[in-house]
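S.K.: In case you want the letters, here they are:
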Amino acid sequence: MQRKFSRSFDEIKEIVFFTEQFFKKHDIDTSKRYLVDLCVEEIFVNMVTYDTETDADILIEMLPHENGVEVSLTDYGVERFDPREAGSVDINAPLEQRTPGGLGLYLVLKMVDEIHYEYKNRTSKISFVAGGK
Amino acid sequence: MFQIEFNEAGSVVVAGRLDAAQAPRAQEFLDEVKDECVVDMARLEYVSSAGLGVLLRTHKRLMGDGRGLRLINVSNHIKDIFMYSGFDKLFQIEVADQSGPD
Numbered sequence: 001m002q003r004k005f006s007r008s009f010d011e012i013k014e015i016v017f018f019t020e021q022f023f024k025k026h027d028i029d030t031s032k033r034y035l036v037d038l039c040v041e042e043i044f045v046n047m048v049t050y051d052t053e054t055d056a057d058i059l060i061e062m063l064p065h066e067n068g069v070e071v072s073l074t075d076y077g078v079e080r081f082d083p084r085e086a087g088s089v090d091i092n093a094p095l096e097q098r099t100p101g102g103l104g105l106y107l108v109l110k111m112v113d114e115i116h117y118e119y120k121n122r123t124s125k126i127s128f129v130a131g132g133k
Numbered sequence: 134m135f136q137i138e139f140n141e142a143g144s145v146v147v148a149g150r151l152d153a154a155q156a157p158r159a160q161e162f163l164d165e166v167k168d169e170c171v172v173d174m175a176r177l178e179y180v181s182s183a184g185l186g187v188l189l190r191t192h193k194r195l196m197g198d199g200r201g202l203r204l205i206n207v208s209n210h211i212k213d214i215f216m217y218s219g220f221d222k223l224f225q226i227e228v229a230d231q232s233g234p235d
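Read top to bottom, the protein sequences are chains L and Z. When the letters of the first sequence are read in order and numbered with this note's numbering, they come out as residues 1 to 133. When the letters of the second sequence are read in order and numbered with this note's numbering, they come out as residues 134 to 235.
Don't read these hints as lab results, they were simulated from the structure. There's no promise every hint is true.
[What the hints assert, rightly or not] Here are the computed lysine to aspartate or glutamate pairs in the EDC-like style, where the Cα-Cα straight-line distance is at most 16 angstroms: (1) L:Lys-32 with Z:Glu-178; (2) L:Lys-125 with L:Glu-61; (3) L:Lys-32 with L:Glu-66; (4) L:Lys-120 with L:Asp-82; (5) Z:Lys-193 with L:Glu-96; (6) Z:Lys-222 with L:Asp-90; (7) L:Lys-120 with L:Glu-79; (8) L:Lys-32 with Z:Asp-213; (9) L:Lys-25 with L:Glu-61; (10) L:Lys-32 with L:Asp-113; (11) Z:Lys-212 with Z:Asp-173; (12) L:Lys-32 with L:Glu-20; (13) Z:Lys-193 with Z:Glu-169; (14) L:Lys-13 with Z:Glu-178; (15) Z:Lys-167 with Z:Asp-198; (16) Z:Lys-222 with L:Glu-96; (17) L:Lys-125 with L:Glu-70; (18) L:Lys-110 with Z:Asp-213; (19) Z:Lys-193 with Z:Glu-165; (20) L:Lys-125 with L:Glu-114; (21) L:Lys-125 with L:Glu-85.
[What the hints assert, rightly or not] Beyond 12 angstroms from chain L on every Cβ pair, some chain Z residues (computed): (22) Asn-140; (23) Ala-142; (24) Gly-143; (25) Val-146; (26) Ala-148; (27) Arg-203; (28) Ala-229.
All residues carry an ideal CB built from backbone N, CA and C; glycine is no exception.
Chain L with its partners taken away, still in its complex shape:
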């Protein structure tokens, strides 16, 4: 299944609905929903927040995978940003040193089974497999 979403946080509820439909269609274990919802939201929010030089919709594709779900988010007309190179978060830092920044992609990298990145013709595509852990 695939669908395009406009660059607004208001689209998150539509993405959640899209994901729900995908899970139903392929009869995928709903215990994996939280993980997929979280990773999709974090990557989508990151694209909307930081890829501000484009108005193009973001394409989300989902496929069943032997270990859960394979998801990709594609952003058009943007600079390269490989999430695997995102800075780490020190989760052992004391409260006064903790900031919310970077936590979203940190969680994605910790929780997915695989993550891949492609960048070509100013098109940025992040793919992940989740649900097998």
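Dock chain Z against chain L, hints included.
M.R.: Then chain Z, alone, in the frame of chain L:
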């Protein structure tokens, strides 16, 4: 759907999905909290990093006065997110009693 309100005991009750679209409303509500505060998460279904940021900012502000947030009735899914985020080291967290029927 996300809801945030005070209950009769003065605890903050959150319900539904606390995502990036709802985080500003949660932040606006929690910015009004001036004292140590319990946040009841029994009906919270989902929280993303945007929601974690709201909790972290509020907790830091209150801890500046030696107070803070106490998170209660936390579900297993959300507890896992707190653990991955290191929030278990920053907050008092009480997991929900899940021995009863759903």
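S.K.: Does each hint hold? Answer for all of them.
M.R.: Verification of the supplied hints:
1. L:Lys-32 with Z:Glu-178: 14 angstroms, holds
2. L:Lys-125 with L:Glu-61: 11 angstroms, holds
3. L:Lys-32 with L:Glu-66: 13 angstroms, holds
4. L:Lys-120 with L:Asp-82: Roughly 12 angstroms between the alpha carbons, so the hint for Lys-120 of chain L and Asp-82 of chain L holds.
5. Z:Lys-193 with L:Glu-96: 7 angstroms, holds
6. Z:Lys-222 with L:Asp-90: Holds: Lys-222 of chain Z and Asp-90 of chain L sit about 12 angstroms apart, inside 16 angstroms.
7. L:Lys-120 with L:Glu-79: 10 angstroms, holds
8. L:Lys-32 with Z:Asp-213: 13 angstroms, holds
9. L:Lys-25 with L:Glu-61: 14 angstroms, holds
10. L:Lys-32 with L:Asp-113: 12 angstroms, holds
11. Z:Lys-212 with Z:Asp-173: At roughly 13 angstroms apart (the allowed maximum being 16 angstroms), Asp-173 of chain Z and Lys-212 of chain Z satisfy the hint.
12. L:Lys-32 with L:Glu-20: 11 angstroms, holds
13. Z:Lys-193 with Z:Glu-169: Given pair Lys-193 of chain Z, Glu-169 of chain Z holds - Cα atoms ~11 angstroms apart, limit 16 angstroms.
14. L:Lys-13 with Z:Glu-178: 14 angstroms, holds
15. Z:Lys-167 with Z:Asp-198: 10 angstroms, holds
16. Z:Lys-222 with L:Glu-96: Since the Cα atoms of Lys-222 of chain Z and Glu-96 of chain L sit roughly 12 angstroms apart, the hinted pair holds (cutoff 16 angstroms).
17. L:Lys-125 with L:Glu-70: Distance of about 13 angstroms is within 16 angstroms: holds.
18. L:Lys-110 with Z:Asp-213: 12 angstroms, holds
19. Z:Lys-193 with Z:Glu-165: 14 angstroms, holds
20. L:Lys-125 with L:Glu-114: Holds. Lys-125 of chain L to Glu-114 of chain L sits at ~14 angstroms (cutoff 16 angstroms).
21. L:Lys-125 with L:Glu-85: With a Cα-Cα distance of about 14 angstroms, the restraint between Lys-125 of chain L and Glu-85 of chain L holds, given a limit of 16 angstroms.
22. Asn-140: 25 angstroms, holds
23. Ala-142: Non-interface label stands for Ala-142 of chain Z: nearest chain L Cβ at 26 angstroms, farther than 12 angstroms.
24. Gly-143: 23 angstroms, holds
25. Val-146: 21 angstroms, holds
26. Ala-148: 15 angstroms, holds
27. Arg-203: Holds, because the least Cβ-Cβ distance between Arg-203 of chain Z and chain L comes to about 14 angstroms, which exceeds 12 angstroms.
28. Ala-229: Ala-229 of chain Z is indeed farther than 12 angstroms from all Cβ atoms of chain L, at 15 angstroms.
Hint compliance for this structure: every hint is met.
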